Amino acid sequence: MLVIARRLFFYLVTAAVAISLDFLIPRLIPGNPVDAILAKMQGVTITPAVIHALDLQFGVNTSASLWGQYTHFWNNVLHGNFGVSSANGFEPVSTVIREALPYTLGLVGVATLISFLLGTAIGAIVAWKRGSWLDNLLPVVTFFQAAPYFFLAFLAIDVFAITLGWFPPSRAANATDFPAFTWTYLSDVLDHAVLPALTIVVASAAGWIVGMRNVMLTTMDEDYVLIAAAKGLRKGRVIWYAARNAILPSVSGFALAIGFIVSGALLTEIVFSYPGLGSLLLQAVSNNDYELMQGLFLIITFTVLAANLIADFVYVFLDPRTRQEA
Amino acid sequence: MAASISTEQVTGGGASVPGSALPGTTPRRRQRTLRLPRSPKIIAGLAMLAFFVLLSIIGPLVAPYSPDQIFANSPVPLPPSGAHWLGTTSLQQDVFSQLLVGGGDMLLVAFIAGVIATALSVVVGVTAGYLGGLADDLLSMLANIFLVMPALPLLVILFGFLGKTGSDDLFLIGFIISITGWAWGARVLRAQTLSLRNRDYVDSARIIGERRSRIIFAEILPNLTPIVASSFLFTVLYAIGTYSAMAFLGLVNPNWSWGGILYYAQVNNAELSGYWWWYIPPGIAIALLGTALVLLNFGIDEFINPRLRAAGLTRRTGGRRGTRTRRSQQFALTPVTRIPRATFGTPVVQARGAALGTSSEGGQA
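Chains as they are written, first to last, in this note's numbering: chain S, 571 to 896; chain A, 373 to 737.
For the record, the hints were derived by calculation from the structure and aren't laboratory data. In this text the structure is predicted, and so the values were computed from the model without any measurement. Note that CB positions come from ideal geometry on N, CA and C, so glycine has one too. Please note that the accuracy of each hint is not assured.
Incomplete in silico selection of chain A near chain S, CB under 8 Å [as the list claims (entries may be wrong)]: (1) Ile429; (2) Leu433; (3) Tyr437; (4) Leu524; (5) Pro525; (6) Leu526; (7) Ser567; (8) Phe620; (9) Gly646; (10) Trp648; (11) Ala659; (12) Thr663.
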């Protein structure tokens, strides 16, 4: 498990860097965030305590040393204290995020999984049928890859929700539904998740297709594939042997891809008014809710790191060589 | 030695051999020497890119109206008509004019971001790959950290705290985007530098006592050209997407940039009201521009790794494995040898279809 330990160490360092950036950016960038927040808070009684809390958060008008502030910041983060969200009636940022996180995890997690499996399978087939009409799929796929997620979301809503009326255009469930573990409610949630998930799958599958195809082309030249074919194994079997080995770079490339996918998925959520982290991000931006922005940055980063760790476990499971080293 | 340079890393040098495109030479011959431009992907990509660059330059000049001019003749957006080719927005502004005006800033930002990020990635990647040891470990870790950290929320804090100062300054926007976009290139360049460092020709340069700077700039860097080009295109593509996303979020001034048009369309629920003429043109424009860059990148990838070409088998697998490739028949047989020849021909062309690339192996001296 040396590999996993090494990766875990790397993720911890990354998390530390993210926390440090989160601390440093408001202090390095010119301008006074506290003034900006106070300007936004028209009509709210601002007690000196609130101003003091904001000053502490952003290191304005404080006598504490930078290092003192830094350790204080770490202490807060480690206790899950990300400040309060001015856009949400000064609820703790952690509470606001906790309410939205399950939606994003469910939607993006499932969509990414589908996209990975589907894209990899298509990529393997396209590579195997190199030179056939399937190659014409590549420019099409490229187009979808190059299109912004949020534009595809527009299309999905206009076509499937408005024109055809197959799926609801926004939100995660009907407002009249009472959240419960009943079939009506769950099917409603599923119904609302189809279009956003479809958008994410269509937009992100291209990367897996192209990546898989390119590696598969190389793998198909290997001797064991030749032998498998020479022994007269069924074609599906031979493809499987090649694909099994070609899939490894896709899994290790997961780290690169997931950042893009998450970014795109968050924008997709915004178009669908899906109550996940993306919508919170928009809320934070349009209300200059800096503490929410900072909390979101940390939580999204931690989530992505966790997803990477899972991908690493899968890699170790798939590739016996990594286990032998340990 | 020359051969060892060219087996995998092919500089663009061969493409400009004088006289290579003489009229009267067979197309096959020309394809061999004019490798890059002959790939359909590269041609299509370059043509589309040229179109968009041209559009961004002359767009503002030929736009029929000012993008913020208001035509007060309807309470709702109007579909395309003779007066407004792409219809109007909810404020009764001309979508076509906005589209023509909006491309320039975006391309400029993307170009700035691409240049800065590529410079960063070359410095970090080549340094890490060439020096090795602790410097490599630290720089690689830095690049990997920036790779796994999700860019969007990071950009949100950066632009969020910059506030108004950051939303109009194109250079600043390009710079900030480049901060989140250099790591991929650095990683690829490091890997390639690592592999080049131990090639015979670099070893001999070292042995005859060439200075380190000369080894890096004269021996290694030229052989990284295709990868640098590819990582530049990738960053430009990334910057286009990111700038559009920032404009869509309202983090940078939406102006009339294509992401910004989508921002206004979203704010006014264009997708819920069926105002397709408002959001489809900018979306398609971004997607086509991106497609152009991806196609160019594919072309370069195939140039770097001949195996990716539809019909191209590498030299290693050429003749010996010909029968196998014929058996699975999906890839046509392309014997690749160093001798210019007329023997590989028609079946290949037929089999590989329209979409995919050249089949000549590049760079043999």
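Against the structure, the hints come out as follows:
For isoleucine 429/A, the interface hint is violated, since its Cβ never comes within 8 Å of a Cβ in chain S; the closest pair sits about 22 Å apart. Given hint, leucine 433/A at the interface with chain S, is violated; its Cβ is 27 Å from that chain's nearest Cβ, farther than 8 Å. Look at tyrosine 437/A: its Cβ only gets to about 24 Å from chain S, farther than 8 Å, so that hint breaks. Of the supplied interface hints, the one on leucine 524/A holds, with its beta-carbon coming within about 4 Å of a beta-carbon of chain S, less than 8 Å.
For proline 525/A, the suggested interface contact is upheld, since its CB lies about 4 Å from the closest CB of chain S, less than 8 Å. Using the Cβ-Cβ criterion of 8 Å, the hint placing leucine 526/A at the interface with chain S is satisfied: the shortest such distance is roughly 6 Å. Given the 8 Å rule on beta carbons, the hint for serine 567/A is violated: about 16 Å separates it from the nearest Cβ of chain S. Contact between phenylalanine 620/A and chain S, as hinted, is supported at the beta carbon level, the nearest pair being about 6 Å apart and thus within 8 Å.
For glycine 646/A, the interface hint holds, the least distance from its beta-carbon to any beta-carbon of chain S being 6 Å, beneath 8 Å. Checking tryptophan 648/A against chain S by beta carbon gives a least distance of about 6 Å; that is within 8 Å, so the hint holds. Here the hint on alanine 659/A is kept, as its CB sits about 4 Å from the closest CB of chain S, short of 8 Å. Because the closest C-beta pair between threonine 663/A and chain S is about 5 Å apart, less than 8 Å, the hint holds.
The earlier numbered hints that this structure contradicts are 1, 2, 3, 7.
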